[in-house]
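Trainee: Each chain is listed here by its residues.
Protein chains: 2
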Amino acid sequence: MAVYTEVTDDALTQFLERYAIGRVVAFRGIAEGVENSNYALRTTTGDFILTLYEKRVDPAELPWFLGLMEHLAAKSLPCPLPVRARDGANLNPLAGKIAAITTFLPGIWPRRPTAAHCAPLGEALARLHRAGADYPAERVNALGPHGWRPLLDRCGPGADQVQPGWRGELATALIDILAQWPQTLPCGQIHADLFPDNVFFLDGVISGLIDFYFAATDFFAYDIAICLNAWCFEADLSFNITKSRALLRGYQDIRPLSEAEIAALPVLCQGAAIRFLLTRLYDWINTPEGALVTRKDPMPYYRRLRFHAQTRSAADYGL
Amino acid sequence: MAVYTEVTDDALTQFLERYAIGRVVAFRGIAEGVENSNYALRTTTGDFILTLYEKRVDPAELPWFLGLMEHLAAKSLPCPLPVRARDGANLNPLAGKIAAITTFLPGIWPRRPTAAHCAPLGEALARLHRAGADYPAERVNALGPHGWRPLLDRCGPGADQVQPGWRGELATALIDILAQWPQTLPCGQIHADLFPDNVFFLDGVISGLIDFYFAATDFFAYDIAICLNAWCFEADLSFNITKSRALLRGYQDIRPLSEAEIAALPVLCQGAAIRFLLTRLYDWINTPEGALVTRKDPMPYYRRLRFHAQTRSAADYGL
Chain A
18 MAVYTEVTDD
28 ALTQFLERYA
38 IGRVVAFRGI
48 AEGVENSNYA
58 LRTTTGDFIL
68 TLYEKRVDPA
78 ELPWFLGLME
88 HLAAKSLPCP
98 LPVRARDGAN
108 LNPLAGKIAA
118 ITTFLPGIWP
128 RRPTAAHCAP
138 LGEALARLHR
148 AGADYPAERV
158 NALGPHGWRP
168 LLDRCGPGAD
178 QVQPGWRGEL
188 ATALIDILAQ
198 WPQTLPCGQI
208 HADLFPDNVF
218 FLDGVISGLI
228 DFYFAATDFF
238 AYDIAICLNA
248 WCFEADLSFN
258 ITKSRALLRG
268 YQDIRPLSEA
278 EIAALPVLCQ
288 GAAIRFLLTR
298 LYDWINTPEG
308 ALVTRKDPMP
318 YYRRLRFHAQ
328 TRSAADYGL
Chain B
18 MAVYTEVTDD
28 ALTQFLERYA
38 IGRVVAFRGI
48 AEGVENSNYA
58 LRTTTGDFIL
68 TLYEKRVDPA
78 ELPWFLGLME
88 HLAAKSLPCP
98 LPVRARDGAN
108 LNPLAGKIAA
118 ITTFLPGIWP
128 RRPTAAHCAP
138 LGEALARLHR
148 AGADYPAERV
158 NALGPHGWRP
168 LLDRCGPGAD
178 QVQPGWRGEL
188 ATALIDILAQ
198 WPQTLPCGQI
208 HADLFPDNVF
218 FLDGVISGLI
228 DFYFAATDFF
238 AYDIAICLNA
248 WCFEADLSFN
258 ITKSRALLRG
268 YQDIRPLSEA
278 EIAALPVLCQ
288 GAAIRFLLTR
298 LYDWINTPEG
308 ALVTRKDPMP
318 YYRRLRFHAQ
328 TRSAADYGL
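So the protein lines, in turn, are chains A and B. Position in the first sequence (from 1) plus 17 gives the number in the numbering used here. Position in the second sequence (from 1) plus 17 gives the number in the numbering used here.
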């Protein structure tokens, strides 16, 4: 369910008058996405996506996200380009929210990622890291390592209700991960949420990278670790090293990893697993039953965490 | 939430090989609709809607619905035209369901219907009735008057849990409505669910009538009564006679009503109100908490029923 805010036809017409993209021809809510309201918008001049930012996104951070998308699109990365209104603004009010129009990207996200998707994914991730390197602004990763302990604390005793023993076990795992966390690694703008539903393919080639609203300034290799978690586990939660190897090779074809990055992969993967485990756990505890949002089960990320905790080196990821 | 069935890219590619509409370019779930899974599909030749039929639709009835849409589209009604596969079939298996591809219709459905929408709506409804008159097949309206008592019985004591006293009160109202129900009136194919989200407008003109999966063979004037319920009540549930008058005038510009139809309007409106009241009540009782489907409150249809029960003649609807 990705339409939280209804837009009346009058409000839409008025909103579009700010832009030089013609008049509305069609307007349909998009089912994908969980954070914001997204509409497919067709005007007399083309196709666009209209996004209304819902409560999880801090309006003060929107210019950073849209600036990054503009920066990356200018470097030919296939990411949505924010469309500017006649007055130059790329964020405007609509239906009581802040909204943006971005270009429409073709393609389909892979419902069942295969190894054949993972090499182009790795390449695209490396290109994203290179293209974003000279984006001048910085954004602290609120869901990076410094955010995990506070997030676990906010889950409180609820963690043990979801799974007995988790509160203590996750606290111990966190201490261990944070103790091993690298002090410094090559760093820049990362996507931080490049799951299959944020990557469009067309004829085997990546045609779109979307949803930059978790992007932040952090270790590049941590972004790889997020992708290894998101793309390389099978439905039965077994790790597919063929996918992992393809992803890492694709990445290194564009941006070779340093020794320090390679050595850090196991702990970065643990960190990425616990990051999604914690946000899912928090949402699980705090989403009222009957809410429109689908709660995502935190357990698969616990299983990933356990896998990464027993890896010994990057060799276990196919390097 | 209108995507219940996920379609993998491989399955979609194979499915499209049956059709001569080119290769897939984009594929996005559509948020609107509650009965089936709908996707916006773009191919190298154009835009389409792909529908997967979910459990509420009886597969045996699909040829009737698609035949009706084809019949109406051939008469220039702006309704989706089912696209036939190379072998002529307009229904084909996909992801364990039956699926159809239909043409894409431009336009936006009015989130806040005004009187200006109601005249073209009435005209379009009359055109639909005229165009469908020579569609040879018949479909019994399962949600017509004969279906209401069994539906109330299936709600059982749950009706009183939703609203104390409803079980008895609705049974009494039903007896009264069925006793007054016309024996015969001009009859043919009706849409039976022409709510605002099933009607697209473009520059004030109707550009699309969609979702024919409740269509049936029944009194034309009952279809009008459904529209009066769906379009002519304000958010505070007051009846807007200006809208009603516009709707009825628009209708009569194309297909004048007989005296019998006019005289029957109050009871037909009561019937239409109780029909939506009962299905909403049944869903309310039988939708588990936490389900992805939004339960629709039956109360606004109780309020409509009360309004219609105190009208005396078609004059109360602006005729």
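Hints may be right or wrong, so weigh each one.
Since the list gives no way to pick one copy over another, a pair counts as held whenever it fits inside one copy or between any two copies.
Unchecked claim - Pairs of lysine-lysine residues, derived as BS3-like cross-links and limited to a Cα-Cα distance of at most 30 Å, are as follows:
#1 K313 x K92
#2 K313 x K114
#3 K72 x K114
Since the hints were derived computationally from the structure, they do not count as laboratory data.
Trainee: Each hint: holds or not?
Mentor: Results of checking the hints against the structure:
Within a single copy, K313 and K92 get their C-alpha atoms no closer than 34 Å, and across copies no closer than 47 Å, so neither meets the 30 Å cut-off. For the homomeric pair K313 and K114, the shortest alpha-carbon distances inside one copy (26 Å) and between copies (25 Å) are both at most 30 Å. In the homo-oligomer, the alpha carbons of K72 and K114 lie at most 30 Å apart inside one protomer (9 Å), although the nearest pairing across protomers, at 36 Å, exceeds that limit.
The structure does not agree with numbered hint 1 stated previously, though it agrees with all others.
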